[in-house]
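*Asks:* Line by line, the protein sequences give chains A and B. Residue numbering for the first sequence is 586 to 760, as defined by the working numbering. Residue numbering for the second sequence is 29 to 473, as defined by the working numbering.
Derived from the structure by calculation, the hints contain no laboratory data. Treat the hints loosely; a few may be bogus.
What the hints assert, rightly or not - With a Cα cut of at most 30 Å, we get these calculated DSS-like pairs of lysine-lysine:
#, chain 1, residue 1, chain 2, residue 2
1, A, LYS714, A, LYS672
2, A, LYS629, B, LYS329
3, A, LYS629, B, LYS469
Unchecked claim - Pulled from the structure, derived: some chain B residues nowhere near chain A, Cβ distances all over 10 Å:
#, residue
4, TRP152
5, ALA205
6, LYS206
7, VAL212
8, ARG313
From the three backbone atoms N, C-alpha and C, an ideal C-beta is built for every residue, glycine too.
Residues per chain are reported as follows:
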Amino acid sequence: MASKVLHAIYRDDDLLIQAVKQIREARYHIGEIYCPFPVHGLDKAMGLAPTRIAITSFLYGLVGLAVSIAMMNFIMIDDWPQDIGGKPSFSFFQNMPAFVPIMFELTVFFAAHLMVITFYMRSKLWPFKKAENPDVRTTDDVFLMEVDATNHDVDDLTKFLYDTGASEIKLIDNK
Amino acid sequence: MIVGAIGLIYGFIAAPENVEEVKEMMASGHHGDEHGAVESSEINVEQLPGEGIAEEHVQEETHAAGDASHAEEAGHDDEHYEHVLHQLQNKPWSALYVAAFFFFMISLGVLAFYAIQYAAQAGWSPVLFRVMEAITAYLLPGGIIVFVILMLSGFHINHLFIWMDPEVVAHDEIIQAKTSYLNVPFFLIRAAIYLGGWILFRHLLRKNSLKMDEATDNTYFKKNFKLAAGFLVFFIVTESMMSWDWIMSLDPHWFSTLFGWFVFASLFVSGITTIAIISIYLKSRGYLEFVNDSHIHDLAKFMFGISIFWTYLWFSQFMLIWYSNIPEEVVYFITRMEDYPVLFWGMLVTNFIFPVLLLMNSDYKRVNWFVIMTGIVILCGHYLNVFVLVMPATVGESWFIGIPEISAVLLFAGLFLFVVFNSLTKAPLLVKGNPFIKESKHYHY
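Here chain B stands alone, though its shape is the one from the complex:
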């Protein structure tokens, strides 16, 4: 109960942050939209040869058509500006989507990790179960937010997914061939199945875990074991399809067979890093006195290992496409290398070189502030990873990490922390009734 009360205070600390950011986000979201329109019309006025070009590009077109001497040139420019305008209109939406997906994927990664602990009957980790459960609590709000964004895309409120635009599809044979899979109703039904399934599994696992606290035998543990195994099968299929649907279909011409694994590696390492950071934070406040350095050491080993795994998949995907140099595939990397060079290569530094060098030493994995520092870099790196996955397809070269991007991250970070710490207050921080809890408490490397 004491822990519960103290945890609530955390919740309140996170909450005002959250509300402010909502306001900030609303303001910046609108601002971003207007700004996009204004900026592109300014460019038009400055550069177009004809006079009196109005703000609306529809009018521009009529003007251009009327002005015979400049028609061709202006028409071409208009096309470009219209393109930029669309990109800039997409920008705040993409920022919102990237941030929403990033925090959602953290909690999904934690759920997968949590299920693996049950399925493997791991002895070291039960002391961390409540932290993991709390992080997965964000699955419900986060999932709903992502679903709403996808729905808005489906109803053409935003234009993140170009295959949803019937005009584009009408002129694109490749997308036409894929319409039996890539169509809005089926897309949303699939999203609902993934999210519903994950949230249901999470709910049942959590419910059994709470019941286990009062249980006298291992019935609920066995139930959770079976549930976790079932979840993992469901998860690996749906996660893969989710990554095709929600991210890969942003570039509807391009495909990669290991894309699901790649996204999985990213969400898994982000999830584990978040567990480590939140555990260390709670421990430093004196709530997880039963978590010792060996538990942190193990989490850091996972961070280290999965970072390498991520790089392995990144490189496998990159090298095959780079080497074969088939235009329809390699264009994906060309846009990223030419328009996002800093992020594209910088990601390798933050997600691979940095964690490898910092977490290689066995002793450093036990130094808590070291793990926190590396963890923050890894999380930033995987945010950039999602950014580079999404942005080139939606905003092209008009990207910039500005107010919409940062405030979207802050908004969801605030919501995420609020939900997670609020959930931490709902149950004792140490699970009871888990048959491995004694082993876990005494665990030492």
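Just chain A, with the same shape it has in the complex:
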């Protein structure tokens, strides 16, 4: 499929946000932006859907809580009741305060680790993956914006992008 993409390079994050707003107002389509660091407010400026990772985190926390309850119940009550400090060991609820630190820790553990793994999977990141960013300078100090140019006049778009403050523009033509 033939597609034309312009790679516009910006050198400042405030400038980038301004440019994103102008480009979206002009009804051009931004494919992706590569940044050396997270830019505050960029997701809203680009009109991306809000992240749902908080919901997954909450659910993972619940899973962790359930696992810890089942685990402590099995280890300390069902399988091998132990008399520690004379605490009642035949009932989960009477012994519950002693398990709270473990319940808390496993909740946090599950929420944190599974959230990170979810994030990597959603971002399609895994070990030995080849880097996707088209210009290595985006890992250093420049911001690169992909603007879809398939159905637009490239010269007009280029001029428009320079007006928004782009420092250099490259045409990528996939024929």
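We have chain A already, so just place chain B on it with the hints.
*Replies:* Relative to chain A, chain B alone:
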């Protein structure tokens, strides 16, 4: 000026409430005392074997002594009834003390929060400074009220603190060992130092804040920065000692090393919640148009976070004592779990589970009525917290949230609102001259 006039109207709205409640309180306070005496004498008449037992327990004792066949039994019962009578006599005082301390602690918590904003040079909060200053205005009347109650205890008008009773101390070696710290004059001197210090810091911070409105440079801001830092050092030491003196010493045998922090968490979260509620209220009336949802969001984050912090400290204290199971320590929790089960465990629901579930979602923290609703539950929960801290030591199992308790809360709520809204009228609702005010106005999350 317009804002000032409108604020005064609020003051008047709060005032009649206040006066009515004063009357109600006076009536119920006396009623409570009489009721206590009457109730316990009724029990005596019904249950004691001997006839003609009079209302006064002194007479009961003589009767019991005279009636040889029932002497032992009656004497034992008398002791119990006398105990209950004392508890019931303590009840209205305790109700008064709990409510007085609760509203005082709100304004103290707000002052600490306010000082932290200065010391941290926070950029988001200056639009809320006048609200915070107004709430801290209650520090002076509230502090005086608490001090008067403590003084009355010191002069044996009431019996909240059993270590103040020389008879008890004479038979109690543990308290005897503590008398170099727990004695009435030193206790009152300490209370005066804490209160004086806090009120002085509050006064200076407020004065500089008002001067800042006219100032052209940052001199007063720098002064307040230093004052706030000094206050925080003074505060964390005195707050801790205050909580030992005013609350922990109600149970003079028991001690906990993180008690100061625990009380701090409670007063801090109550204070922040009050800031949020009053800000939202004023905003809904159109006075704080410069406060946006992001400010409310931040306050709600603090409510959420400090609620968890409170639970963390509550649990840390509870679990160590529960686990080690040393009689002299664990008795503190046994009385609370057996005599106050609903409040003791219910507190965890209102102060932890409820705010955590309701304020967890980022969007809910921006929904104002949601924050108000959660805030009211948190405030009730922390009232119960103070209640459970104080009541078991003063009234034991004879507790009940009845007319004295509720009217004491209403009385101080009325006074609190009157002082706070009256103070809001005294200065423009937006600080000027604070170097961060522009950032704060444009603050968005």
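*Asks:* Now tell me, hint by hint, if it's right for this structure.
*Replies:* Hint-by-hint comparison with the structure:
no.: 1; hint: LYS714/A x LYS672/A; verdict: violated (52 Å)
no.: 2; hint: LYS629/A x LYS329/B; verdict: holds (21 Å)
no.: 3; hint: LYS629/A x LYS469/B; verdict: holds (20 Å)
no.: 4; hint: TRP152; verdict: holds (14 Å)
no.: 5; hint: ALA205; verdict: holds (28 Å)
no.: 6; hint: LYS206; verdict: holds (29 Å)
no.: 7; hint: VAL212; verdict: holds (38 Å)
no.: 8; hint: ARG313; verdict: holds (30 Å)
Figure legend: structure checked against the earlier numbered hints; the only hint not met is number 1.
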